[in-house]
Amino acid sequence: MADIQSPLPGTFFHKPSPEEAPFKVTGDTVAAGDTIGLVEVMKTFIEVKAETAGTFKGYSVDDAAPVTAGQTLATLGD
Amino acid sequence: MALKILKPGLSTSIQDLGRPGYFHLGIPISGAMDRFALRAANMLVGNPEDTAALEAVFMGPQIEFTEGAVVAVTGADLPMTLDGEPVAGWTSFAVKAGQTLGFGFLKAGARAYIAVSGGITTKLDLGSRSTYPIGSLGGVGGRAIAEGDLLPVGAGDLSTAGRSVAEELRRMPDTPAKLRVLPGLYWNRLTEAAGHGFFEDNWTVAAEADRMGYRFKGGRALEFVDREQPFGAGADPSNIVDGCYSYGSIQVPGGTEPIVLHRDAVSGGGYFTLGAIVSADMDLIGQLQPNTSVKFVKVDMEQALAARSDRKAMLQKIRDALR
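Sequence lines, in order, name chains A and B. Each residue of the first sequence is one higher than the last, beginning at 1 in this note's numbering. Each residue of the second sequence is one higher than the last, beginning at 1 in this note's numbering.
These aren't lab readings, by the way, just hints derived from the structure by calculation. Ideal placement from N, C-alpha and C gives every residue a C-beta, glycine not left out. Among the hints, a few may not be true.
Claimed, not checked - Not the full set, but computed from the structure, chain B residues with beta-carbon under 7 Å of chain A:
(1) F58
(2) M59
(3) F105
(4) D210
(5) Q289
(6) P290
(7) N291
As the list claims (entries may be wrong) - Listed next, the in silico DSS-like pairs over lysine-lysine satisfying Cα-Cα at most 25 Å (straight line):
(8) A:K43 <-> B:K7
(9) B:K107 <-> A:K43
(10) A:K49 <-> B:K7
(11) A:K15 <-> A:K49
(12) A:K49 <-> B:K107
Between the sequences and the hints, there should be enough to build the whole structure, so can you do that?
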């Protein structure tokens, strides 16, 4: 299991835009460098990327939830 | 000597104490959001206090040093490592040619100041190296730093490693942050109840918080005293005939979410401003993350000037201790 942590504080989004599907759903294969969500801060959206490959085990925080730097956003399994 | 930027961070910019004197032309003062922390960082490495340094917001850059120097990082609690070994904040340390400074996840505060002995010596625009991207002034050709940049550094004092600012002199906001407000010219536009409510309510920093302004949400909407809007003012009761804004002034568009104008803000416009954050507390705003709790505290001019003296005295203590 590997945690994907927020690089900075802000608001976390599961989707690239409100009308689109989430970046990942449970069971998806994740490659290193895949975007799994967005953190909005200072009117900027920062892509959160997986550092390792694995299987997506789900988001740890709700869509549009406030997050702090270092908070776990999603987990990956083997 | 140069700083080689391996990773830029989020919006890391070169800042000094700013570019005052052009606000009447619409050019903001810019400069460090937390001037206290910038001054302290420069003192630690033996630089004049107005020397240009890096302001990193929410996340740190990754920097390689091309030659030996003394470095200090102040402000936000952003854990850092030199070639993988932890180094302490608010403390100067020596770096050797080829070493890399990196940062971990932000623990507290919002902005870290990375000062290097000799200072960053990019081009001066209107007397300052501070980055103002909208006007393409200062910084690296008018922008924030980017991967691959080589930032020139002057000749510095290499004997200042190992100096530290005492913990009680590391000024950071309380929880909730208390921001002192001096009511201003347009205060009488508010009803008495709205004026009280502004100071009673709990506010939080909104996502829209940057070098131009900090927006707050969560408090009650303001109510205005009825009036016939004067010629030239918009129809909304929060509108005025265009006026000047000051550094720290608090505008409340539509009466809902207050915005404190900060270092890169516009110099005038058509919103009433209910007052201004006292200058001593503007540095604290620079250390607020989104979703932080805030209380506004009403002060009078005497209290505002006392706050300014206290802040000056605290800086003087650091100066004296490092002399």
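Here's how the hints hold up against the structure:
This hint holds: B:F58 has a C-beta 4 Å from the nearest C-beta of chain A, less than the 7 Å allowed. The closest approach between the C-beta of B:M59 and any C-beta of chain A is roughly 5 Å, which is under the 7 Å cut-off, so the hint is satisfied. Using the Cβ-Cβ criterion of 7 Å, the hint placing B:F105 at the interface with chain A is satisfied: the shortest such distance is roughly 3 Å. Satisfaction of the interface hint for B:D210 is found here, the shortest Cβ-Cβ separation to chain A being roughly 4 Å, below the 7 Å cut-off.
Evaluation of the B:Q289 hint against chain A yields a held restraint, the C-beta minimum of about 4 Å falling below 7 Å. About 6 Å separates the beta-carbon of B:P290 from the nearest beta-carbon of chain A, less than 7 Å, and the hint is met. Among the interface hints, the one on B:N291 holds; its C-beta lies about 4 Å from the nearest C-beta in chain A, closer than the 7 Å criterion. For a cut-off of 25 Å, the pair hint linking A:K43 to B:K7 stands: about 21 Å separates their Cα positions.
Under the criterion of a C-alpha separation no larger than 25 Å, the hint pairing B:K107 with A:K43 is consistent with the structure, at around 22 Å. Proposed proximity of A:K49 and B:K7 is supported: the alpha carbons are some 15 Å apart, at most 25 Å. At roughly 13 Å between alpha-carbon atoms, A:K15 and A:K49 fall within 25 Å of each other, so this suggested pair holds. The hinted pair formed by A:K49 and B:K107 meets the criterion: a straight-line CA distance of about 21 Å does not exceed 25 Å.
The structure meets every hint from the earlier list without exception.
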